Amino acid sequence: MHDAPLIPLQPDEALHAFMDGELELHDEQPLFDSLAADPSLRSEMKDILSIRGAVHRDVLFPSPAVETGILAAAGLTSGAAVVGAAGAAVATSSWFAGLTSLAYASGGIIVGAIAMYFAMTHEASNTALPPSNMASSIAGEPQQQTHVTVFDTVYIRKIVAPTPTRLVATNMDSETPVSETPVSEPPIEISEVPHSISTFDGLYTKEPIQTASSQGLLYADRMSPMSSTLPVMLSFRTLASGLDKTQPTPESVQNTFLPNTAFSLTMPLSEQHRLGVEMGTESFSQTFVGTDGDHQAEWSQTPVLFWLGATYQFTPTELRILPGLSPFAQATIGAAFSQGPIGRATIGLAYQPIGPVRITLGLDGSALFYTFQSSWFTSTKWGLSYGLSIDLGSWR
Amino acid sequence: MVATGTVHRQRKAPVDDTPDLDLYARLAGDEATAQAALSTLYRRYSQRVYTYCRKILGDNQIAEDLLQETFVRLFETGKQGRALENFPAYLMTIARNHCLSHRSRSKRQYVEVEDFHLVYRDVPYEQKELLQLIQTTLELLPDDYREAFVLREYNGLSYNEIAEIIGESIDVVKVRIFRAKKKLREILAPYLADIQSKA
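Just so you know, the sequences run in chain order V and W.
The first sequence: position 247 = 249 (the working numbering), numbered continuously.
The second sequence: position 87 = 114 (the working numbering), numbered continuously.
Just so you know, these hints were derived from the structure itself, not from any lab.
The structure displayed is predicted, hence computed values, not measured ones.
Everything hinted at is true.
Computed list of chain V residues with no C-beta within reach of chain W, every gap over 10 Å:
hint, residue
1, H28
2, F34
3, D35
4, S36
5, P41
6, H275
7, L277
8, G311
9, F316
10, L321
11, L324
12, L327
13, P358
14, I392
If we take Cβ atoms under 8 Å as the criterion, some of the chain W residues that face chain V in the derived model are:
hint, residue
15, Q95
16, F102
17, I161
18, F205
19, A216
Beta carbons are placed, not taken as given, at the ideal position from N, Cα and C, and that holds for glycine.
Chain V on its own, in the form it takes in the complex (with noise of 0.2 Å):
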């Protein structure tokens, strides 16, 4: 109120204006003197500075993802940076939100296919190589070549029947070459095969075949990764939540379809060793400071995450506890989007009792890495992981 008004203010406009220093001098002695006589006066002044102390507690601060998104918008960055500041940029903005289970999904199916793909070629080099008539027939043509030429290689696959009575055997596509010298598919003894054979068994092997009564071990434990049809593994845990159970699960968890799991694909190394892909999606509380304009600040929030990244699991098969149950862990360095780079570390039990599915529980810790303002922060938790696998190399 820069000039005198022209009707006189009232107690309470003069008390507002005072409280927001904009009262006149003139005006405040008539104020003083009304707050001195008035107690309704004096609990209005209390009610405004419970409200302005709250309001000034009140401090929002955006996410640090909006100043790269300025940049990159502002065409201020290049090369990668630009990239990765429009992935900001992108991630913040709000139909992106809107889109990101859609974008999850559609981020499995693309892994998905590329592992297929891979297991798909992986398995058709197999098959390729030595005998062209199965190349035919797998294009679904008729099978033109029906003996082996002179030094062919010939592979032998033995496949054994549920009962020793119809046990056969096969010119097939796996497995190493027995014969460079013209072979014209003898068929298999009963005699060469142990009589042992009671049960199913003996897929894709060459070494002498035993039965899982034999071995004591179930079914699932005696798969060989390498010689599945499809040696993929798709698995999904649950991640810890890293969230203070005695504070309001935050809005963005909340608003999350299916926040702090994970989706993985794995592929065989070994018996004992798997390597593949993971991602999810994953809450971090992070705290970090910095400058706001001219003064020191700290921020707290609990963003939910997408990350990718690769994954690598180590199940020890000789620690095996009990049929079917054996240690393992997991390691998997990633990068979460528009933030840095991700890494966590899991141990614990597998229990795949028969057949594809596999069971874990384990003890599962986080790392997230990131910046603000050039520094650098880190934000981690720990927690319990449950997960279910389904072993599609085992399936058949």
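Let chain V serve as the given structure and place chain W on it in line with the hints.
For chain W alone, coordinates are given in the frame of chain V:
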């Protein structure tokens, strides 16, 4: 399972006391100069602009989008070498125009309250509750009153600056702020009496 944050390197950034208008003028310079100037201006004013958008529109994501649009627009005008007299007022005017434009495009009524996405630490529970009540009450105010209150209380602008931003007289600003506070107090009165009696 409580997450912990660890500060690896806490660097105290030197305070850049370059005047706003000088920084604004540098936006027309080369890329490195413009980027440094824009970053400095962003750090000075992003919280203010974001708070305004957030309180006016009530949505965190939209507020961040409009914050981004505001600073991109600022950069574009700076690149053109446009002369300014009052940088904060100009910046808030851009933000306000974006908010008004967004609100006119969207018929949505925003009733969302604090979403915990970015809350300040060490706020006592009672204060958080009061903050939520204030936010909810703000949503009940007419847009003009809410805007004046936010610019005054959250952004700390004077009546004169607010008048410049919203294009109204100081008397209008004064009345809007006064009525907004009166309405807030009226709605919050029972709660305020309760916490004052506890104190």
